[in-house]
Each structure stands twice: as C-alpha cells, then as structure tokens.
Amino acid sequence: MIWAKEETFTRAEMEELQLARLKEQVTWAYEKVEAYRSKMEEAGLRPEHIQSLADLKKLPFTVKKDFRDHYPYGLFAVPVDDMVRIHASSGTTGKPTVVGYTKEDMENWTETVTRVAALGGATSHDIAQICFGYGMFTGALGLHYGLENMGAAVAPTSSGNTQKQIMYMKDFGTTLLVATPSYALHIGEVARQMGLDPQKDLKVKIGLFGGEGMTEPMRQEMYKLWGEDFKATQNYGMSELNGPGLSGECLALCGMHISEDHFIPEVINPETGEVLPPGEKGELVITCLTKKGLPMIRYRTRDITRLFYEPCKCGRTTCRMENLSGRSDDMLIIRGVNVFPSQIEEVLLRIPEIGPHYEIIVERINHLDTMSIKVELVDESLLESYGKLNDLAKRVRGNLKSVLGLDAEIKLVAPGTLKRFEGKAKRVTDLRKELGLNC
Amino acid sequence: MVKQLSVFVENEVGSLAKVTRVLRENNISIRAIASFDSPEFGILRLIVDKTGEAKRVLTENNFIVKLTDVLAIELVDKPGELDRVMWILADAKLEINYIYSFVLRGHKEPLMIINLDRMEEAEKVLLQNQINVTTKLMEE
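So the sequence lines, in the order shown, correspond to chains A and B.
This note's numbering puts the first residue of the first sequence at 1, with every later residue one more than the last.
This note's numbering puts the first residue of the second sequence at 440, with every later residue one more than the last.
If you are wondering where the hints come from, they were derived from the structure by calculation, not from laboratory data.
All clues stand as given, with none of them false.
Here are the simulated BS3-like cross-link-like pairs (lysine-lysine), alpha carbons at most 30 Å apart as the crow flies: (1) A:Lys394 x B:Lys505; (2) B:Lys494 x A:Lys388; (3) A:Lys231 x A:Lys5; (4) B:Lys457 x A:Lys419; (5) A:Lys424 x A:Lys401; (6) B:Lys505 x A:Lys419.
Here are some of the chain B residues that sit facing chain A, going by a computed Cβ distance under 7 Å: (7) Ser445; (8) Glu449; (9) Ser477; (10) Glu479; (11) Phe480; (12) Ile482; (13) Asn501; (14) Ile503; (15) Lys505.
Note that beta-carbon positions come from the ideal geometry of N, C-alpha and C, so glycine has one too.
Build out the structure end to end from the sequences listed, making use of the hints.
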C-alpha cells in the first residue's frame, strides 16, 4: 500500500513542491536561527539568492559539531515553549545532540514514519511489537507514532528481557516486529532455545529494522530464522533529521525510498564537499523542508550511499538511496586499507560454517595495525579433525584477504559466547584510539 | 565401533573445566579423554557412559558437539601388544588420525581408542589378527 500521494508525484510536481518549501525553509532558518544567519552571511548569501533547486549547493553545510556548539537549544527556531517533544542522542564524545519538535513537526514526522511502515508491508491489521529501547532514542517513539497513525495495534515492549518479549510475541499474536537486525536475530535464537519454532509457533511476518544497517547476508539469516515469506525491510533516519522516517525499503528491495517532499537528498564527495551526480557514491547530505522547530539545511549525515531517481517497481517515484555501505565515522583504516565493518560482515556471513555474530578487535602492535576477528563455530561436522577447523579459519582469512585486501587473524569461538545486543550492535573495538593524545 | 564425543574448546583457562562441570552436573561418567596442544582452539575427545545424553546436555549448554565413530581395541597387558596392533594397521596401509587410552578399567584388560579414515577396514583387519575390537562400552 502506498500511503501518500506525494510518493507517486512526477519529477516536475515534486520539484515544484520542493522549491517552494526550500525557499520558505531557508528564509525561516535565516530569520529565526542566528547560527544559520551568520553562516549564510559569511558565504555572502541571503534567502532570495535561492531561486532554483540548483541553488541549494550554494548553502553552507550543517554538521554535528553545530549541535555541540549550540547545546542545548541554540539551533532551535522557536522558543522551547513551542516545542512539544525533546529527544537527545547519546553523545559518545562530548555533549549529546538535542533535538526539538513542534506540534507540526510531530505531525510531519509521524506522517513520514507511517509511509516507512507502509513501505515495509505494514497495515492497520498488524499487531506491532516495538523492541527498540524507549527513552531519549528517537527510534522507538518514532515507529510507535507512525504505526499507531496507520491503525496498527502497538505494544511498546521496549528492549531487553528477551524471554518475556517472546512470551508477549506468542501470547499477543504479534505480526510485526520493530528492532535492530541484530536484536531480531537474537530474539529468534532465544525463541529456539526456549523450544519454540519462530516459523510455526509465532506469527511474526513483518520486520521493520533500523538503528543499524542490515547487510544482505543478514537478511538471508532473517529468512532462515523467521521464514521464507518474512518481509524484512530496513529503514533509515537519525535524530537530527527527526529520527526514523527519512527513508525506508519497499518490498521490491531496491533501496530505501526518501520522502522527498520533506527531505532533499544530495550526495557529496566527503573530502571536497562537491555535489556528485546520481548513481555516484559519497556522503549523504539532507535538507529538511518541513522542520519548523529545528531547521536542518544541508546536514552532513556521515553516511555513505548512492541515489537513484528511476521510478521503482513498487509504483513509487521517490528517490531511492542505496542501503548504507557504512558511516564515514565507522570506517576503519587498517594499514592504509579503508574498510567498513559492514563489508567484513558481508564476507563473514557468506560462510555457512560460522554464525552471524562476530567481534572485531583492531590494535597497534609494534607500530603495525592488526585486526583480529572472533567468529562462532556452528558446524559440528568440522570437529572431525583439528585440520578441518584450521582450514575453516584459513578460509575465512583468505576470503577477507581476497575481497577486502585485509589480513586478519581469525579466532574461532564456541557458539553463544560472543556478546548479543539488544540495541545497536557494537562489534568493533578499536584499541588504537585509546592510545592517542586527548586533545 | 563405539561413539566418541568431539567437543569444540577454546584454548583458554577453564575451557575444559566448563565441559567437565556440565558432565558432573548431569552425573555422566568419563571413560576416556584426550586433548592435544593446539594454538587457538582444540577438540576435546571423550568417551562417556551415556553418550546421547552427554551430547544433549552439552549442546544445551552452548557447546558444539559431534559424535564420531572410533574403534575400541582390547589389548593383553604385556610388552609388545600395542606394537603388534600398530604393525597390523601399518602393514594394511591404514593411517591413524589419533589414538588415546582408557581411563579406568578395573580388572579388565587395557583399551586403546583409535581413529582412522578407513574404520571398517581397520576393524576387519584387527579382528582377522585376533585383536579384540569391542563394542560393549556403552552398556556398562
């Protein structure tokens, strides 16, 4: 089901609406937010200089640091009194990123999340269990409002206490699961340990995944666990851009549709800031067209993707972004080789003898970067001989070497021994960072 | 032939103890055990009194376990006995993967556990040479 008429606009209709909204939004930000005004003045720009969508690239970028510099309310365009919701993302370094929503912002946010739910196959008949942690994280409440708006029955079970989650899932007849992909796999594993067959004893048929990327092999794991007809889609967003609802995969699984009437996407070269043509890979930059409380103009997401404008098989005409190759922040540089943890995951998940969980440790030993990866052995037939186990470790190492040009030491561990995650998985430990100077 | 349990163990402090604890808690008795030094991980091989149950409880405790066939060979307790067996297999061009011996035999004769790629052939050739290959361990 296509939720909104804007999702099938012609390119001309969409661009007309985008331009009208962009002009209004730039003027609003310029007038109401000192930080935007001073940046534009520095660049010699005034709102009336924006006369076409092509003028967008003249505007300065907004970055995460701007939130920190204007903590907590400095980027707000309205008094906090006019806000009806405040969220914050946990800052691992420095202060958290604080975001606020007016009543109108909440309506727009809810609308875009409802589209994401519809993209993933949800309907008003679904019983939705939200296994994202509630609280300051935007994921849980975002999906909560969107699914409620659609008319689904929403159970806010939050994350954690997996056995109880499964009890609810079974007793409520849950049909739709909202979780991080790693938690969804964990729930399935625990259900099996409890003697349940997720495909027969549970009714979950739809998974709306977010909070972290889902690689293709991970999606295959979902089918194995939850059934071949399971609808496993992922969606994308971040609190600076409302939260979830920016984009989501449709059932054709050809990338994530962006709600372009609310967000203009661009892809730039992260080094030079230059805008790249459709189809080229670079950093995603988003301009919000309807955010009143906290305008966001050319926000650098740090996420790497490509954009495609061809109409989709699903009937929608909105721009699609490719599933993420990774956050530019997450990129590891190992002895000069650039690698995203998601690429390592792709290689690992294609090897059936090992499980879907892994742990990467990067250290510097004698001034050389070394990487070791722990993987869980799941194929008992290799216990025939030490040689077979050793061959498996060699094969994992060889595949990483040939696909990524990366040399890593492989440690096989027993199944169930690596850490499971209820929220975003943290699978990389970079011990090199802790050695650096703190300045 | 008898069944042996092969359990994946990591090369770290306490990894064998974790296995033996599960067996103790389930009142399973070890008849023979072997583990060899290996750098990262190893395979612990066990012969126990209740094989099926041991596999089940170890699997429930997140161990990865495989059942494999091995030959249990009864020897006479006198010098040269093992040598005789080894030459029977060597002369038949049968390659041994590993060998270990039994823990406790009371008044019975010593028992060796061996694994080879061509198990049936080995069993046959040993029997032809009047070496007793037993199958009775599991019923003890």
